[in-house]
Structures are given as C-alpha cells and as structure tokens.
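Number of protein chains: 2
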Amino acid sequence: MPDTPGAPVALDAMGGDHAPGEVVAGAVQAVREHGVPVVLVGAPRPIHEALARHGAAAEIPIVRAEETLAMDEGALASLRRPRSSIAVACHLVRRGDAAAVVSAGSTAGIVATGKLRLKGQPGVLRPAIAVALPTLPRPTVLLDAGANAEVKPEMFAQFAHLGAAYAETAFRVAEPRIGLLTIGSEPGKGNKLVKRAHELLSAAPGLRFAGNIEGHDLLTGVVDVVVTDGFTGNVALKTMEGSVRYAFSELRGTIQESRTARLGGLLQRKRIQELRRRLDPEAYGGAVLLGLNGTVVIAHGASRASGISAACVLAAELAAQGVVSRIGERLGPAHRQHRLW
Amino acid sequence: MPDTPGAPVALDAMGGDHAPGEVVAGAVQAVREHGVPVVLVGAPRPIHEALARHGAAAEIPIVRAEETLAMDEGALASLRRPRSSIAVACHLVRRGDAAAVVSAGSTAGIVATGKLRLKGQPGVLRPAIAVALPTLPRPTVLLDAGANAEVKPEMFAQFAHLGAAYAETAFRVAEPRIGLLTIGSEPGKGNKLVKRAHELLSAAPGLRFAGNIEGHDLLTGVVDVVVTDGFTGNVALKTMEGSVRYAFSELRGTIQESRTARLGGLLQRKRIQELRRRLDPEAYGGAVLLGLNGTVVIAHGASRASGISAACVLAAELAAQGVVSRIGERLGPAHRQHRLW
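Chains as they are written, first to last, in my numbering: chain A, 9 to 349; chain B, 9 to 349.
Just so you know, the hints here were simulated from the structure itself, not pulled from any lab data. Bear in mind the structure is a predicted one, so any value in this text is a computation, not a measurement. This list has only true hints and no planted wrong ones.
Partner residues aside, some chain A positions facing chain B, computed with beta carbon under 8 Å:
hint, residue
1, E222
2, V252
3, Y254
Yeah, the Cβ is synthetic: ideal placement off N, Cα and C, and Gly gets one too.
Construct the entire structure; sequences and hints are all you get.
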C-alpha cells in the first residue's frame, strides 16, 4: 500500500538532536497550522508529557515503540532493533495505517531501516536520497545526496526517474529536464563513471536529458533534476550549505566593520534573516528517500519544530500526489520492457 | 632548473577570453605596481600594439610564439602545436630563462602542454591543480581541483605533499594540517577509494594528517590542505563559486525589495563589492599546477588585468620561495625510501 493519501504521517518522535520535545512541537504545528494528520511513534510517556505541554494530548495519537536508534548508530542497528521508533513507523506505512514516514534520526539508520522494513519498489535498483535546492521559480531536485557512495553507471538513469517523479509530484513540473553533474559541459567530460552514465542517459527513453551541468549550475535552475553519485552529491550539498553560511557570515563581518555600513545593517538585518531562512534546508522539509514502497522524509538532525513541521507537510504532499505510484509507472515491471538497461 | 628566482615570469599573452589586451594590461600592472618582472610570449605584433597603448613597449620584452592554443582546444592540441605560446613559455622555464609560467588559456591545454614540455618532477606520480580558498587567517589549499578525474588511493598522499609544499611556501604554514574530503567525519565514511586513501594517509610519514573533513568544512579553515580526487575537487570548487554568487545575488534581491532596506543597501554597496572581490578566485591569482619541473599558474579564463597581475605575483612568489624544490624535498628520490608507497 505505497501511497495512502489521507492517512496520517508516521512521525518518529525519538529521532533528532532535540527529540522528543521539538519533534512533538513540530507535530502540533503540522496538525494545527497545516492540517496534516500525524501519529507520533516512540516511547509513550515522554511523548505524552510533551503533548500535554501543548494541550494537544487529545489531538495526536501515539503508537508505542520500545526502542530508539541513537544518532550515532549506523546501518547495523536497524537489524538489531526491530522495534525501534523508525522501524515501527515504517511498519505503519506497510500496513496502510500511515501515508508516509518522517524522521530526524541518523540518515544511515533511517536508510537501512527503510530498506529493510519497506523494501525497494519493483524495478528500482537502489533507493536514493533526494534534496530540493532553493532555486527559482521552483526548486531543483538533487540526487543521490548520500545513500549510495558506490554506484554503477546504470543507476544514473534510475536516479533520473526517481528525481523526475519527485519533481512531477512535489513541484508539478511537466517533463522535468535532467542534468548530469560533472566537471565540464561537453559530453566527453568527467570520469569514466560519468562518461558512461552520459551515454546511458542520452539513450534512455522517457527521460528529457539536458546534458552535463557543472557545480556552478546547481543553484541557477538550469535543469529540474540533477543526477550524481551519492558521494559527489553529498559533498556538493554540504559544500553548498557551507558556502552560503560562509557568504552570510563574511557579509555580517563587512556590515559591522564601518559605522555607515552598520546603520545600513540595522535596517537590513530582518530581511537578511528572512533570506537565511529561505536558504535553510529545513525550510524545504528535508531530504526524501525515494524508491521504497512508501515515502520516507529525512529531516535535518538539528531540526526544531518548524523543520519537523515542514517535513510532515512535504511527506503528506508527496503521498497525496502519489510519488510512489509515479515511480512505479516510470520504473515498474509494466514499463521495464521499454528500457535499454 | 626548476626554481629560478629573479628570472621573469613567462606570461602567455595569447591565452584567455580577453587576450591579448587584458593580458598585456595585467603584465604592465604586475611590472609597475608589484615590481614583478614579466616576459610576454605570443604573436609580437598585437602584443607590441597593446604594450604601446600603455607606453610600456620598452619595459616588457616579448618572446615570439607562432601558434596559439584556442580556448576550446584540449589536451591533444599541445602535441599538434609545439610552438604555441604556452609551449614556448614552458620552454623558457626549462632553459632557466623564466622563473614560472602564467596562462589564462584552457585548463586542459595548459595541463597537457605543461606535462609534455616541463615533465613531472622525479617521484611525482601525477601533477595536480591546487587552488587557495579564501579562509582566514590564511587560505586553505584544495587539490586536486581537476587535473586527474580518475585517481588511485596512492595519489592522495602525493597530493597531500604537493599541497603541503604550496602552503609552506606561499603561506608560510609550518607543518600544514591535511584533511581528506569525504562524506562523514568518522574514518570509515566515504567510498572505497576514500576509505583506502584514509588508511594510506594515516600511515604516511612526513604528513600531519588531521582526518576526514566534509563539504561544509571547506571554508572554515579547519585544515591547511584539503586532498580529494580531481573530479570531486572540481565539483566542490565550482559549487562553492556558484553558491557564493547565488548568496550575493539573493541578497541583492532582498536589499532592493523594500525602501528602508534599499537605503541601507546604498550605504553598503561599496563594502559588499569589496567583499565580492575578496571572494573572487581571481584575487588569489588562480590555480597552480603542482608537480612539474617548474611552476605553472592557471589564471581564470575570464581574467581581466587585475586577475592576470595577481597570477604573476603568485607565480613569482612561488618561484622565489622555491615550491618546486620543496616538492622535491618531500617527494624526490632522496626521500622516497622513507615512504610507504
């Protein structure tokens, strides 16, 4: 039961640096401000106490999970802890009792648990992590952002389909343009992996392949979906975050240096804060693990209530728009005969 | 004759989007404002005309080169054109008539010509491109930024030595700290290539290996040298440039949006321009091709006079401080027996 629109979002109350307090606060925000139904999964007592502080104990149901994946636990923990909050949240989706999973826990733990409990969709070689970059007029989907450090050229076309399904459902993009991240705009540029991926993408039916893009194109909106391996994608994503943070902090230094500039700075501070918020990955609801039999949104580990709430909104939207079904249409058995790989 | 301090910088007058006009203007600036001796290499007539416009025909010598590598010509052109301006500039360094080469031509053409005409230093497996990132209190050296899209784990320790020699000579860093760019701070994180590189770097004598760093650490100055393969390094570098540009352009939009903010914006415009200049890769003189029998500085293709001048200053400084000899001390035959690889 991959897409179950209308069913609540299963929110892992125990994952994240500020769990369960901020996670519960985010659930309350999602329910009250965005009308997104949520069920909280984890240790009932602390969740109930946190809900009570918001006067929301009657509004949001709790599903018990005996165990918790620690933030520093990796992939193996998902096997050792079949009753972890994230595993139970996945189980709710499998049973059709939840539309999607949201967790701010460790990415490695979420990916491993998601793969184990929800399984990959038929026809999907490897699930991938997609993030939405804050381009205009609409976000650019970048994947894989870290699920697969080691890839084969065949996977790039799969990533392209996963990302295209995301862009179609979350951002209503018709025929998303696909770009391949490499180190030169001509077809022959890059390493062996990327050169072969270019050939396969060029020949793949059902994809609007727009060719190579470079690092400086990531935030210009020149394509709708950027495909890359999980190592390069993760480095690029974190480099982007660090660079934007650096530019703002340098700018703050500049503003504080002179008195005239400081005056200007006071007038602008509020607008700059607004801009920072817009560029904040949290505002976009986090990363999405695509290719499983159910939608899984990975919120930033440091998420506060607003980040958790945005992740719930994204998860509900993806489920409502049927991203899992869309991926099935693109990669599932009915369409496999048309593919070259 | 690898380091020839005091000898002039051989400047490829024909390389770059604005050659020879801006290149000649840069040469004049380097000579007059920074006291760096320069010899211009290329087609004598246009160079002479450009010099005459600055009244500098008597100040800067010209060495004739019959051919020019076009910006879109790649590695093979270096074989086809033994008398290209960049090849002749390399020849001057080989003969000891120049201290270093500067070119704003195509990176692929410069790398190929440099390898062919200057040859790799003894003990160097692969020359690499290093860039200086604008961190404080001193720049961070990132390499390889694009010379080697395909690498083996053994090359990372070599890149570390090349980068360390750069940091020691250009920025006077004693015992530079080396970081390995990957996708998690723990030793086991990354792809197979990087995991093996981590082991080799940990065991390599003569290197102060500080462990893994991530994309968001590139601009924090947490290490002095960042090593990575040429594919990842080039993606990261261009992502950084694009992200900083994006942050500033978003900021400009924000400033122009409101009237109060616009007032502040006017007061600040000048300081922001200063900051942009500081973050501009041109201000740092460009990338350096390390590991050849001679220093080669690759200026940005779009360089104007100031960028060319900064590249000449950097090239002269590296030659004066003996970066080639320093690399020889770190990687040459006398030291090879101490290495594990």
